[in-house]
Every structure is written in C-alpha cells, then in structure tokens.
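These are the residues of each chain, in order.
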Amino acid sequence: MVEATPVNDRENMLTRVRAALRVPAPAPARRNAEQGAAGASAVVGPTARRQAPGSESMRRWLPKAGGTFEERLDLFRAKAAQFKADFHLLDTPAELNSRIAALREAEGWKRIASHRGELTTAACRAAGLPVLHTDSVYDVNELEACDAGITECDALIAQTGSVLVTGRSAGGRALSVLPPHHVVIAKREQLLPDLPAAFELLKQKYAPEYPSFISFITGPSRTGDIERILVLGVHGPKKLTILCV
Amino acid sequence: MTAPARQFLDQARLMAGDLPRRQRIQEAVGKHRTARANSQSGFQDWPAARQAAAETKWEAINHLDRYLEEFVRRLEARGVKVHWAGTGAQAQDIIVGIAREKKARRLIKSKSMTSEEIHLNDALERAGFEVVESDLGEFIVQLRHEPPYHIVMPAMHLTRGDIGELFARKLGTRPTDVPEELVKIARRVMRGEYLAADIGITGANFAIAETGMISITENEGNARLTAALPKVMISLLGIEKILPRLEDLALFLPMLATAGTGQPLSCYNTMYGGPRQPGEPDGPEEFHVVLLDNGRTELLADAEQREALQCIRCGACLYACPVFRSIGGHTYATTYSGPIGSVITPHMRGLQDWKHLSAASSLCGACAETCPVKIDLHHHLLRNRRNGAKEKPDVLEQLAYRLFAFLVNRPGWYRWSKKIARAVQPAHGVVKGTPLDPAQAWTRTRELPPVARQTFKEWWRRRR
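The listed protein sequences correspond, in order, to chains V and Y.
The working numbering applies: residue 14 is where the first sequence begins, and numbers increase by one.
The working numbering applies: residue 1010 is where the second sequence begins, and numbers increase by one.
Check before you lean on any hint, since a few could be wrong.
[Claimed, not checked] Not the full set, but computed from the structure, chain V residues with beta-carbon under 7 Å of chain Y: (1) M26; (2) L27; (3) A33; (4) E69; (5) M71; (6) G79; (7) L102; (8) P106; (9) A107; (10) R186; (11) F229; (12) S234; (13) R235; (14) R241; (15) G249.
Since the hints were derived computationally from the structure, they do not count as laboratory data.
Since the structure is predicted, the reported quantities are computational estimates derived from the model, not experimental observations.
For every residue, glycine included, the Cβ atom is placed at its ideal position computed from N, Cα and C.
Just chain Y, same shape as in the assembly:
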C-alpha cells in the first residue's frame, strides 16, 4: 500500500469516528441541499439547461487550442500580459518574478483553488513576500495554517466558537461567537490590507474566448476590491476555464450559483477584460493572466476521461457524496477533494499514488446526478480503478480471479469446489478478518454469505 493510501485510511477512520464534526458537516450539507433545491426549482427546465451547459463546455474543451488562442489574442490586444505555465513550479516562478520586478512587499489574494493547487502562498512566502487571503473562509483557514476543507466553503468544518477563539488568539480581538462581530473583525483587518497591497491575485471561474475576459463569481466583494485597488493584478487560471461566447454566461452564472451555493445568482459576477483602459478612472495599471497546464493536457489526451475538464468547480458533488460527508475534505490530502478530486488527482499527481481515492466510493452516482455539466463522475472512478489495475496488477487479486475462472469453466471441479467450500467455511470463521486471513482487507469489515447447504442442482435432482 502506498503512503498516501495508508494515510488516507488512517485519517478516514479517525474522521468517520468524530461524530460532532460529522454532525456539523451534515448540517451544512442539509442547508445546501434545501437552498439548491429551492434555486433549481426556479428554472423552467433544469435538465435542458444542464444538457446545454455540458455541450457548451464540451465544445470549449474539445476545441481548446482554438479558443485559447482567441482568448489570448483578445486579451493581448487590450494590453494584458499573458503567461503560459506548463507546471505549477513555472507558474510560481512567473508570479514570484512579477512580484520581484514590481518590488512588491504585500500581496492580497481572492479565493482561488488553482493557487492552492500550485501552493502559491508557500512560494511567495519563501521568496519573502507577505500574502493575505481576503475571502473570509480562506482567511480563517490561512490563520490556522490549513488547506481549505471544501472548494467552495473552506471553513465549513469550524464552528463560530472555533473562529472567535482563533481570531482572539491570532488577531488579539475580544473573544466572540457572534457571526456579525466576526465578520466585522475580518472586514476591519482586510480594509487595511487592500489599501496597503501592491499586487492583487485572483483566480477565475470562466475565461471568455470571444471577448477576452475572465469572469469571477463571489459573494463577499473581496475579489472586486482585489481587482480594483492594487496597481498590479494577476489572475491565475487553468486552461480548462474556457467558455466560447460571452452570452454563455447567461446560462453558466445562474447554474454555478445554484449548484455551488444554492443561490439563484451570487452577489458579484464580474468580468475583467484588461488593465485600466483609457478613459477609465481606476483599476490596475498592469494585468497579468497566467494560464496553467499542470497535468491538464494529460487529462485532455485521455479521450475517455476528457470530460472531467468540463468541471466548473461548483463543489456540488462534494456535498452529494456520502463518503465526503463521512470522512471530510482534509482526509483526501488533495487540493480538489470529493468525487471530482478522486477523478482528476490521479491524472495530475500519479495514478498509482492516488488510485485509492477511486476505491473510496460506493458508486451510488449521486455525484454524477448533481453535476451541473453532467460529468459521469462515478464511472470515471471505475475507469481509474481499471487503469490502475491494468498498469500495476495486484498479484493476489489476479490469482483469485484466475482460480475463479478456472473453477467456473469446469463443471466437475466446480461441483467439488462447492462441497469443499461448504466444509471449509466454518474453519474460515476462526481466522476471518485477522492478519492470518489472506482476504483480510475485504473480510475485516464485511460478512461473506454462507455457502448454501444445498445447491440448486442437488435440490432439483432430489425433487425429481
């Protein structure tokens, strides 16, 4: 068993036993479910909208070269500097390079899972820069030196009491567990940061090829301030964020909000198409867009699983997943957790090290059903399992299947094997689930049905 798999199992056992935490997650999931159902029912035809969204993203991903070129051409025409980063390390270097060049000291960031993916904060801090997360949830987990728990709700595992205690310890504020007071504290701290920051870093939800714009969806206004006040703006985005046309947003903005947070529309949906243009009073003097590959072209090359790149990172499959709800976000030890994380992480970080995530699923299909762009998530988990076994077969498992195939192809042997199994099964009970049991991994938590005392054939023969 690989180290990540071992760690996953240990952590999962721990988390699944933490009932108060599971209770909190269930409550958050319950609230999301109600809000989403409410918002989705406002659509006249959600299935058709979902089909159109899937087709639009399919079109974008399957003509990615064309749309990327168009996107970049439009951006460059308006004075945006576009950078192409093949790996996370390259993206880090590009952004650290810009920060050095601009002699920046402080950077402010709005929420970006892509920056989590490349560990941007670590790289900037190593290079001597101060980085502050401005999204409230991200700010909270940054103070705790933790990665986000959920891609849309980074601090969903914490109570208001936890957060009040954290603020008191780290920011020296009076302990409180009133959400309004906690938000006020964060607002006050952050205002100073916006005004002092030399560079603002954002992610993006969509990249519009037709008009050369990025689109950012948020509720707090932190991304808007990050894109308005500092003199330099950097947006980091994966190449899969592309949408062909501006009007596609009329569909995607309400669908992202509905699936992601259960809102009909998020508070701010903002499109940025360049640095401050002539005749505009404010905005950054420089706008850099960093396009990130980091394994995405490898997933793209797998025609069978390519559609996983259609993901719009709404996080709905996480809420829907019974495994996520039991073991929580941190157990995955990946940037993207839940079903979509289990599907794409093996492509980005190595199949053998991360295939265990694809086994941590009941294959119930709730993820695929909830996905607004119709990614067939649970079947991709099966494909990962198949690819993992094909690439590096498990000798014991292979032996077991060969033996089974041998027996069921030979009626005489098969008849005898059942008689033997019937006689031997009680003896198996002695070692079942212990390290002496060759099938321990399976039998430790499961019951094997008893071999029937009489086979159908025996019964039939006697009946006649």
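Excised from the complex, chain V in its bound form:
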C-alpha cells in the first residue's frame, strides 16, 4: 500500500502558504459600472465587503433560463439541438416503447447496457434485447461491446441543454460514456432552469455523502483538435438521445 505523504510534507507546504500570505494583497477593484450602474466607473475600493455570489445574483449574470415550464422546455430543446443531442418529449408512456424500438431497428442494436430503475426497466423491456446491468460489478469488456447505454439522470438543465448524472443515478461511471450511444430517460419534473438550481439539487439530494462521480453531460463526445473542425464521438458516445416522459 502506498501511504500518503508524511505529515512533514503537508506541514511544510502549509507553513510556506501561511508565510506567503502574511502580506495581504489588495482585493480586486470594483467598478460601479460592473455592478450594473450605467456610466459610473469610480473604483469602489479594495475594502468593500465581498460576499460569495449566491444563486440569485448568478441568475442575473448567467444566460437566461426562462420562468415557466414551457419556456424552459423550449430552451432545453434549442440547446440540445445546438449541442447535437436528440431530444424528444414523449406524450404517452407507450411512445417510449416505440422510440426505443425505432432506435434498435435503425442502429441494429444487438445488446444493450443499463441499470435498474423505473424508467430504464421500461426502456429495456421495450428494447427486448439482452441487457448488461451495471448496478453491481460487471465486465467492462462486455460493456464496451454493447451498442447503447440506457440511463436515468438526476436532472435536465434548460440553460445549457445538459444532463446531470451521478454514479448513483445513472449506473456508475462508465455506462454513460463507454457505449457508442447514450440514451437518457428523464421525467418532465426533472427539468431544472439553470446550473445554480442543479447545484442546489445536488446539495439537497446528497450532501454530505455525495456520489464519487457527478457529471454534466452536454451533447455527445466531441473534439475540435484538428483545425478546430467539430467531430463527434471521439472517446465517448457518438450519439446522445434524451427521451423525456
């Protein structure tokens, strides 16, 4: 077993940090103009009290999210399209079956992977294929050979078109990234307005025992490393489908 570094190294570094901080540095200057008062540009001064920005102030700065469910839905739809994710709002539970069956036929799925949950179980039943479950220890080579990974999620975020997953809500770390197609089944009430709301949800739901893995997924895996040309499906999924029931 490799032990963590001895207490000395830790104390040495912390001592250096404390010694370095003995001389205070001026806080970033504030300009009135940057607080929203038009025109004025007087520096308020380094001693002005600084409070951690809360969700409410962040909501005044970050991209707008929309107040009603319909507005958020429209925004999520637009953002998902911008990031090349397929989003479908399903009218009836039966539509889930037909959507999954259509994907299976279109892509010739032979084997899928999923985790146990109310929505995923229904989706797997609709697929009618052998299912690798990742709820407990599984063979990663088998997961690699699956055509799709079907998961639930913690939330959908309208502001960014993202899906929030955790190790607990979405079958671990690999299920949503290893198979070439990630299918997310979400409920309408999981649609949140924005990122601040997503972090509030994480706190309420999990603090202090957070899952060891929390991820905001925004569209399928992508790269721009070759001449900044967008190519989808580098190491992660080539396709991301979000079905909202």
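Model the placement of chain Y on the given structure of chain V, informed by the hints.
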C-alpha cells in the same frame, strides 16, 4: 544575453517569417474569437460575472491555507490518499512510486498542463512505464515528441494533412486527411489502451474545498474513461486550483468554456470526490491526489503579483496576444506560453533567465481585457521588467538614463546637447543598426525621430 533569451529571439525570428503557419494560427484564432463572442453574448451580464469570478478566486487564493486543509480533510474522509509535493521532482517520485507499488505497466493520461510542467511522461518512461496521452491533441503531439502548442489546443499548429501523415507513419494507418477518419483511428487505438491501462492519470480544473472534489472539464470523454476504467486513479493538481464552494462551479464552468473554447459549456464537466464508494458499481479502487507547489508559494508570497495564481488556464490570453499569434507557442520554450506564461514562468523558473518574455509584449492589454478572472496581465509584465532590472541592472541602460537625467536637469547643458545632437545625428546614420552602434538592440528595427531643426525656445525667441 541569457541562453533562453537568445534561443527565444532566434526562434521568434524564424516563426514570425513562417507565413503559412501564421495563417493557420490566425484562422484558429479567428474561429475562437467568433465562437467566444457568440457564447459570451449569451450571458446577461458578463462584466459582473467576471468580477464575481475574480473575487471568488481572490478569496480562494488569499485564504489558501484554510481552503487547502478543508479540501484535503474532505477527500481523506472518503478514502482518498493525498500527497503533498513541494517540487516537480517530488511529484514525479510520488507518482512513479505509486506505479511501482501497483506493479503497473501501462498508464493512460488525460490532458494535464501540470503534468507537462513537471515532465511527468519523461519520468515515467525513464522508470520503464508506458504512458499514453488520451486527449486527441495531446496524443498527436506525443506522437511527434513535441510539447503542446497551446494550453487548450495542443495541436493547433498542424493541418489535417500533417496529422494524417503522422498517423500513417506512426500507427501504420492508411493516409487520410478527413478529420472524421482521423478521429476514428484515434478512438480505435485508444479503446485498447483504456482497457489495458493499470493506472489513469488526470489533472483538474478546479478543486472544491467545501465538498472535497476535483472538477475536470473536457469535450472528448477521455478524462471520464481515464477516471472510470483503470483500478487506480491519480490526479495531479497545482494548489492554486482551489474554489471555496461547490456552487461556485455554476459560474466557473460556463465561464471557463466561454473563454477557453467559445462553447457555452464543455461537453463533460465532471466532479470526482473519491474512489469507488460503497454501493457504487465501478470506478477506481484507489484515488490519489497529488498537490503540487513547484514555485507557486513563491508567487503567492509576492503580494503584488499574487493574483496571477487566480488563473484558470483557459488560454484566452494566448489567443488574444498579437505576440503569441506571430511567434507561436513553442517559441516561448515554457510549459505555459503567451501572456500568462510570460508572467508566471520567471517566478517558477528564475527571473533572470525568463525576464525576456516580459519584454516580448506590445503592452496592448488585450490579454488583461479578455481574462475571465481579471488578471492584470500586461501590468504584471511591466512589474517583471522592473523587478528584473532592479535585481540585475543593465549598466549601459543605467548610464544612458543617468546621462539623460543629468542633461534635463541642467538647462544650459541641455541647450548645448540639442545643438550637438542635431549636428551629430546624420553621422549616426552611418553606424545605425550595425554592431558599431551602442544602441544597436534598439535601432536595428526602429527609426529614431530626427532632432528638430529648431527648438521651441528658439522659435519663440525669433517670433518675438
């Protein structure tokens, strides 16, 4: 002139003359500028968000001891092994030690500039381990045995043709210049590597003190696979990555994406708070976090320049810098290039050897303007210049300023000096810019304005 300065000048001259390469860089910069403007315009109030980001990072850096302790306490409570590395060599030893202990053979890495900083791959390869970079851009420059060109876009200097030819030579694939095909090749090669790797190494974009998590921002999914499949995960991060609270990410994730790549949000923003926990089906059995100092506490001790530690490594100042755009990333010969690299490298690797980078600037301030955490970059370049001159004065320069001060303080002498200068200036034209010229460094590429034929005083006297 120091060896790094000489090399910098030679390389800069070469690169500035390579017009096709500059054309490619300009195109990449142009695309970034459009995307960023687009993404930034989505914010309701970017200046206020920027102010809040600067204040949040200021808070973290100026109470670093407290937040580091909190961060580490939370990590350890969840079974993470935390290591404190004072120097790059210590960090290398720690990571090589873990690899030996685990009897690892192959390691897979996701993108980490901090690992570039400590030359981790070299150390691991010397110790007999095989290391593969999984980020596409890093994989490409690793095949070329090159350091990354840009901290966010490692292969921005290469064309798809270059990359196709490289893959054909190194991987034996059919030559192609279709980006989709090239990505497919990399995906295929890398899948085998993920499954075979014993250890995954990552960097981190943020370290959340409140909840004891690291946050990794990426687009490709390679970091997610690196953190999901191997049995051991090691994350190497500089101590300046700290953010106080989890919800700070609601601000920093979209700002990092906007400034860094011009995306509203990167594809994967993932927080890791430990090894596989009870009740979780996968993830590493062991999670090591290596905290790196490597000169950061020295920069921290300089209250005047401390804010340079607020940098979130988005790379926006590189794109904005006219000098970077002309001479490119490799010319700097540093891990961190562009304006931020010029500011921090002297602190990490010695002021006298690296102060020349601070002179390679037009001081236009485009860097400071684009910085999402409001680091006053171009003024720090001036401070580096001042500190460099104070520490080791240039005798000739000092003499020149003394002479100037002597003359302008004595009106009689000053009047005569102008008459003499007027008479002598044509003679200077003979030696101007040649090695015989004492001011050659300056006059070689610049024109001195001619001394006026008549001074204001002379004109005034005659007018009356």
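Against the structure, the hints come out as follows:
{"no.": "1", "hint": "M26", "result": "holds, 5 Å"}
{"no.": "2", "hint": "L27", "result": "holds, 6 Å"}
{"no.": "3", "hint": "A33", "result": "holds, 4 Å"}
{"no.": "4", "hint": "E69", "result": "violated, 11 Å"}
{"no.": "5", "hint": "M71", "result": "holds, 6 Å"}
{"no.": "6", "hint": "G79", "result": "violated, 12 Å"}
{"no.": "7", "hint": "L102", "result": "violated, 21 Å"}
{"no.": "8", "hint": "P106", "result": "violated, 27 Å"}
{"no.": "9", "hint": "A107", "result": "violated, 30 Å"}
{"no.": "10", "hint": "R186", "result": "holds, 4 Å"}
{"no.": "11", "hint": "F229", "result": "holds, 4 Å"}
{"no.": "12", "hint": "S234", "result": "holds, 4 Å"}
{"no.": "13", "hint": "R235", "result": "holds, 5 Å"}
{"no.": "14", "hint": "R241", "result": "holds, 5 Å"}
{"no.": "15", "hint": "G249", "result": "holds, 3 Å"}
Checked against the numbered hints above, the structure violates hints 4, 6, 7, 8, 9; every other hint is satisfied.
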